[in-house]
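First to last, the protein sequences are chains A and B. Sequential numbering of the first sequence, starting at 141, is according to my numbering. Sequential numbering of the second sequence, starting at 13, is according to my numbering.
These aren't lab readings, by the way, just hints derived from the structure by calculation. This structure is a prediction, so every number in the text was calculated from the model and none was measured. A virtual CB, placed ideally from N, CA and C, is assigned to each residue, including glycine. Warning: the hint list may mix true and false statements.
Listed next, the in silico DMTMM-like pairs over lysine to aspartate or glutamate satisfying Cα-Cα at most 25 Å (straight line) [what the hints assert, rightly or not]:
1) B/K332 <-> B/D299
2) A/K287 <-> B/D299
3) A/K287 <-> B/E301
4) A/K287 <-> B/E188
5) A/K287 <-> A/D362
6) B/K79 <-> A/E468
7) B/K79 <-> B/E458
8) B/K332 <-> B/E301
9) A/K287 <-> B/E416
10) A/K287 <-> B/D417
Here are some chain B residues the structure puts well away from chain A; computed CB gaps all over 10 Å [unchecked claim]:
11) D116
12) R145
13) P309
14) W363
15) V383
16) W410
17) W426
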Amino acid sequence: MTLASLVAAALFLGVIAYALLGGADFGSGFYDLTAGGDRRGAELRGLIDHSIGPVWEANHVWLIYILVMWWTGFPGAFAAATTTLFIPLMLALAGIILRGASFAFRKYSATMAQARLFGAIFAGSSVITPFFLGTVAGAIASGRVPKAGYGDRVGSWINPTSLVGGCLAVGTCVFLAGVFLTADATRAGDVELAETLRTRTLVVAMVTGMIVFAGLYPVSHDAPTLTNGLLTHASPLLVIAALAGLAATVLVYRRSYSVARLAAAGAVGSVIAGWGVGQYPWMLVDEVTINDAAGANTTLAGLLIVVAIAGVLVLPALGYLLWLTQTEAWTRT
Amino acid sequence: MWLSDLALVLASSDGPPGLLPARQQMAVSLGWHIILACFGVAFPTMIYVVHRRGIVRDDPVALDLAKRWGKVSAVLFAIGAVSGTVLSFEMGLLWPGLMGRFGDVLGLPFAFEGLSFFVEAIFLGIYLYGWGRMPPRRHLAMLIPMVLAGIVGTFCVVSVNAWMNNPTGFELRDGEVVNVNPWAAMFNGGVWLQFAHMWVAAFMVVGLVVSGVYAAGLLRGRNDAHHRLGFTVPFVFATVAAIAQPLIGHALGMRVHDTQPAKLAAFELALTTEGPAPERLGGLLIDGEVRWSLDIPRLGSIIARNSLDAPVPGLDTVPKSDWPPVNITHLSFQLMVGIGTLLAAVVIVYWLLRWRGRDLLDNRWFLRFAVIAGPLAILAMESGWTATEVGRQPWTVWQVLRTEDAATMSTGIWWTYLGVLVIYLGMTVGAYIVLRSMARRWRAGESDLPSPYGPPGRERVS
Chain A
141 MTLASLVAAA LFLGVIAYAL LGGADFGSGF YDLTAGGDRR GAELRGLIDH
191 SIGPVWEANH VWLIYILVMW WTGFPGAFAA ATTTLFIPLM LALAGIILRG
241 ASFAFRKYSA TMAQARLFGA IFAGSSVITP FFLGTVAGAI ASGRVPKAGY
291 GDRVGSWINP TSLVGGCLAV GTCVFLAGVF LTADATRAGD VELAETLRTR
341 TLVVAMVTGM IVFAGLYPVS HDAPTLTNGL LTHASPLLVI AALAGLAATV
391 LVYRRSYSVA RLAAAGAVGS VIAGWGVGQY PWMLVDEVTI NDAAGANTTL
441 AGLLIVVAIA GVLVLPALGY LLWLTQTEAW TRT
Chain B
13 MWLSDLALVL ASSDGPPGLL PARQQMAVSL GWHIILACFG VAFPTMIYVV
63 HRRGIVRDDP VALDLAKRWG KVSAVLFAIG AVSGTVLSFE MGLLWPGLMG
113 RFGDVLGLPF AFEGLSFFVE AIFLGIYLYG WGRMPPRRHL AMLIPMVLAG
163 IVGTFCVVSV NAWMNNPTGF ELRDGEVVNV NPWAAMFNGG VWLQFAHMWV
213 AAFMVVGLVV SGVYAAGLLR GRNDAHHRLG FTVPFVFATV AAIAQPLIGH
263 ALGMRVHDTQ PAKLAAFELA LTTEGPAPER LGGLLIDGEV RWSLDIPRLG
313 SIIARNSLDA PVPGLDTVPK SDWPPVNITH LSFQLMVGIG TLLAAVVIVY
363 WLLRWRGRDL LDNRWFLRFA VIAGPLAILA MESGWTATEV GRQPWTVWQV
413 LRTEDAATMS TGIWWTYLGV LVIYLGMTVG AYIVLRSMAR RWRAGESDLP
463 SPYGPPGRER VS
């Protein structure tokens, strides 16, 4: 395995982490959006607030990590993607800003009108952001980002593979969030809310599963290189994704929510990993390989050092934070 | 001045259509983000001081300040995380010519910066959750990683800018970037002084803004231990920073003479090389002539060269095509120096009088000045960044990559610029409303407001 492949793998780990952790957050916006009126939806919105409160900032970090690893490790391919996919990237960015800011502001809103406005912005932008990021993935995977950059500014991301990618991103986010929120509601002892969420999650699971496998048909015509990879070396991952997704759905149906969370994360992680493995060894499909896109070796080694330090410093601290958030406060004054 | 420079930029630009709006958008995004970044860098240290005082002296006023400041910094951190994400997108979207060619030269410090940002976010969460859940001493110690992460993060971001001023760690062979050494690029010759300048600036900005908030309270007659301590702690930090800053700036200015004479010439509005050189206060360059400036003999040599008669290089040593927009560079540089000098003088006067037994906190004119000192410090910092960034033009990477070659060829950047303006305006208004409502609710006696990253408040707003 070359240094470039290692860095690409580290980069893609960031993509998977973002899809899982950020995905659950983005998806919760969908339930916020569909929670109903102020009174009826208050309980669910409170739960969403509570669930993503402690960690929501972490997801910006995953995205920044992906971008930094990409432009430092594979600068030419990065510039090719940003110049070609300017529009969806800008739209995703706008969604991220509006989402982050309005979530923070809603928490502080003094009046109901303020909370309602910020809440609507938060929920709407949570859904559109993963869609545009999905179209970006579809553009890269279907070979629409030319090596020299400045490809078709519209056609590159409005095409069958990108649309499947966008819908798939939204579906997986909403599915993940549904499983997580149902588990949280159960843990909080709110049976009624958990039951409502359970029904919705089951519907979302069916729809998402259909998108994943029905989407393979247009993709197979539109993106032959990716399809070839998916059907050969990435096929075990697709099988795992199907089994884990099925298991998650059955577990939600049988109300074993905490195990369902693992299965759901496994399913989504396998879908994302399947994309990465499916397009290996290409960085930009049909245009440039990971090895050819890589920057200087000294820089790649430096990046791996950063990743190692992050593993040593960040993971224990993050674990401590998560443990602390589950600890009850000593005093209740 | 703006119009003429604008015309100059437009006229001289054969570059891509995205050049001007890309520069404007980057300036707005960076200029906005840097204010929040200052709080991420300097506020934890101040919180540490009041929190420690609260524990050691068993002082409830100090503990209460630490609690509130922690929540304020969480709000600012959350918004800063958003605007920081914007910047990382913009690096690629607006400057593909820079990132595509030099990404593997300049990228490593960004990776370390991302790491320190992550560390700071996690420990901020731990700190906010730690109240009542951790032993007090350990809880206090959770601020130390935040302080260190602030230092590392500042160093890394400034390192990239310093590299753009002092490009090292690579060679150009027939236009190809070869022999890349990202560590040499990261620890380039300009980084230490530039880092010191920015790190100290963060303490000036935060110290004066926060003390200004409590000065406003004192002005309204809220003269209690809470307001006096809330004023004094940040003001002490701002004092040390405001006195150190001119010295650092002076050292940095002498370095600019050695490495970027064209920039220094624009700072000093020097058309021809002169020694001894005068200091030109104010003034504009119009049709190749300096007008309306107030010249003080020899001061230019003293400030720029640390000498009574050493020559200050003039713009005549630089081909006209390589001139930066002179007027913006000159005026923003002088605005920074002027405000910095004023602030340093005021803090010195305050402590001198206090040493003589007179406390200016009872003086309404001093309090009024303390309220605007924060915005002045921000203005000085923004002017400083404007001076160094505009003064580097027409280069993005000094004498290696011109800005027109770094900018995107995409059209429609005016629209994204407009979008950025609207969004940032909205975030500013939102931040103001949130912080004001927090202050009101605290004054009304609520002590348990929720915050991002923190535990939910006991009374739920949902």
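Any hints from earlier that this structure breaks? Give me their numbers in increasing order, please. The structure conflicts with hints 2, 3, 11 and 12, although it agrees with all the remaining ones.
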